[in-house]
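Make the full structure from the sequences, and use the hints.
Keeping their order, the protein sequence lines are chains A and B.
Everything in the first sequence is counted per my numbering, starting at 1 for the first residue and increasing by one.
Everything in the second sequence is counted per my numbering, starting at 1001 for the first residue and increasing by one.
None of the hints are false.
Per the computed footprint, the stretches of chain B lying under chain A, defined by three or more beta-carbons under 8 Å from a beta-carbon of chain A, are:
1. 1100-1109
2. 1191-1200
3. 1206-1219
4. 1346-1360
5. 1366-1376
6. 1380-1389
7. 1402-1408
For the record, the hints were derived by calculation from the structure and aren't laboratory data.
It should be emphasised that the depicted structure is a prediction, and the values quoted were computed from it without experimental measurement.
Cβ coordinates follow ideal geometry from the N, Cα and C atoms, glycine included.
Protein chains: 2
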Amino acid sequence: MSEVERKCREAKSAASKLAVTGSGLKDKALLAIAEALERQEQVILDANARDLKAAEESGIRGAVLKRLALDHKKIAQMTEGVRQIASLRDPVGETIDGYIRPNGMEVRRIRVPLGVIGIIYESRPNVTVDAAALCLKAGNAVVLRGGSEAINSNLALAGIIRDTLAANGLPAEAVQIIETTDRAAALELMRMKAYIDCLIPRGGKGLIQTVIENATVPVIEHLDGNCHVYVDDAADLAMAEEIVMNAKVQNPGVCNAMETLLVSEAVAAEFLPKICKRLMDAGVELRGCEKTRQLVPGIKEATEEDWFTEYLDLILAVKVVSGIDEAIQHINTYGSHHSDAIVTKDYSAARRFSNEVDSACVFVNVSTRFSDGYEFGKGAEMGISTQKLHARGPMGVEEITTYKYVVTGNGQIRQ
Amino acid sequence: MSEVERKCREAKSAASKLAVTGSGLKDKALLAIAEALERQEQVILDANARDLKAAEESGIRGAVLKRLALDHKKIAQMTEGVRQIASLRDPVGETIDGYIRPNGMEVRRIRVPLGVIGIIYESRPNVTVDAAALCLKAGNAVVLRGGSEAINSNLALAGIIRDTLAANGLPAEAVQIIETTDRAAALELMRMKAYIDCLIPRGGKGLIQTVIENATVPVIEHLDGNCHVYVDDAADLAMAEEIVMNAKVQNPGVCNAMETLLVSEAVAAEFLPKICKRLMDAGVELRGCEKTRQLVPGIKEATEEDWFTEYLDLILAVKVVSGIDEAIQHINTYGSHHSDAIVTKDYSAARRFSNEVDSACVFVNVSTRFSDGYEFGKGAEMGISTQKLHARGPMGVEEITTYKYVVTGNGQIRQ
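This is the structure:
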């Protein structure tokens, strides 16, 4: 039996135990995991240093290296997340709804764990901890297949989690790390339909496309975020400036950062020169439509391609639109249905934007950067779903559960 | 452009219109559809007669022919379902939950349509009407790919629905029938990821397996129902008899019929001879374990294969188990996680069975035959999901929706 199949089997067996474990035990284990991660910070940092050294030797630089690197602050953030997850209400066992049918039978929908969740991800080791903690809370086992560049960090983190589970009377097998990091192992994982109930790929378009083409396990996609901010003719322009700067500059390398700025024609002459200067001062490269370039001379021309692009960098496409109709149409046509914002003081514009923009998260007078499980109060996130099936937007513990119908009666038979 | 791609494109365009159509218009159209189907019953029956004639000529017999055949009663059931769907509350726009974050932004989850739903199904023409009505209610467009043997019936039904939509100011393109009924067209539909948000295959294991292997569109499986009734040592045996007879005999060819009967050892000697006689009198072929055959001489021996089998026929596997532990283990091992029932007067047994049987629908003192969208009060059903992602068990209008986050604030930016 291959490593992948063996670990998926172990996870499935552990999942059936976790499914009937009460929240007392699960929360105790989560708090113990947070403590153990803190206590063994040096073990984690040593493993991470080996990953960083290997990455540097193989020529990895920039954003990837930054995402891979752990430090005291990042570990503290992880353990804070784990403690928040422990403090959430257990989703398992919740009665979602219930009613009595005319024949007297009671129909109730009860929230239950999904079972085994597979995650394929790239360099960020914090995903290992977030995913393990969220899955444990929701009574699921998890099979983690991280990138080869983070393998030592991931094994150290998962090792601490597994030891703590065992020490707290829970199955260590509930958290599995696939050590074979080649493509064949990933492909095998995508087809473990007998053991895995749901696969969450987090990474670039290439990875997601491979999963969509090859997976037989049901998938929840975590695709790109081509996010927009639309500055309406009725916008508070001072507020719009702050939201635009925050959405573009505060952390440009993440999926909820703004990639295209849309500005209503009515306020473009007043707003664009000012905001473009602030953006350029912050090091942002601008690519504008014809009208933008008339108002802000010297910036690059945006091509059709730019409207579709998630830069994940200090680059911004800028377009002047005739008003809310064109803004909504542009977002629904070129966007990735992830997170989009309007800045407006107009009630009707806010209402139309909320209703008609077909995105997982629609923001009114709020920065797109809040599209995040932690910011939504979920403690951490399994990812941000860009598909419509099962879960949409930031996924926390509730989004990694399913339900069962429990129907009780006194001898009902069907006529 | 192929027929499949053209119709999927049309459906997507119609879906964006339906998504913002209020319930007044949708319900009016549904009631008009029910009336039109009644008024044009003869057109439907004539088309169905052509299908039946072709089916008979090509040697189709038995259950398939029965499922294909329409009559006045079946059409009346369809229109009754459509009227019930019209009377349901519109799921679109429902606030699922909402709360305020510490920074003052309001996070609300709002139910919205899925978009375009694809359905691949076999001979039953009533699926055409049920699916179109449920999709319309939930603001979705639907692309229907039925079996070649029902093509005339499906075209007649869909034609009436499309004409009625158009006459009521709604896009006829919201209901599409794929007329090319070869395998290539089905495969093409499974890969229309650019247009279809969700694919529901309804049919035999071969069809489902083909979809799982080939689809890039997210799938909700509607697989087999290997359903159990467990007669506990604390069962009311008179009630158990009625539930067992109902679950096996009332309609044996459907997915929620019982396929294996489990009887606790403590009551086997009293219960089994009696129920087996009643079952055999009703024409049921029994296949028993060793202990069953000692109590009821002359019946066939059940093999390991029998415990896994969905007969969809007047055949029943029977096993004596030591008690609730073995019953739960048997169901979770051999069952298809569809619908399983316990008959018991014991509180603790009812509670354990409800919690530990890992099935979409768990019944206590109720026949498994109630595992059905109509019986659960959903008006009709899109199918019964046997997977855990997105929807589990009978799928009605709510199960063909998704949600979006609408976040409102007054200038919140992320620190």
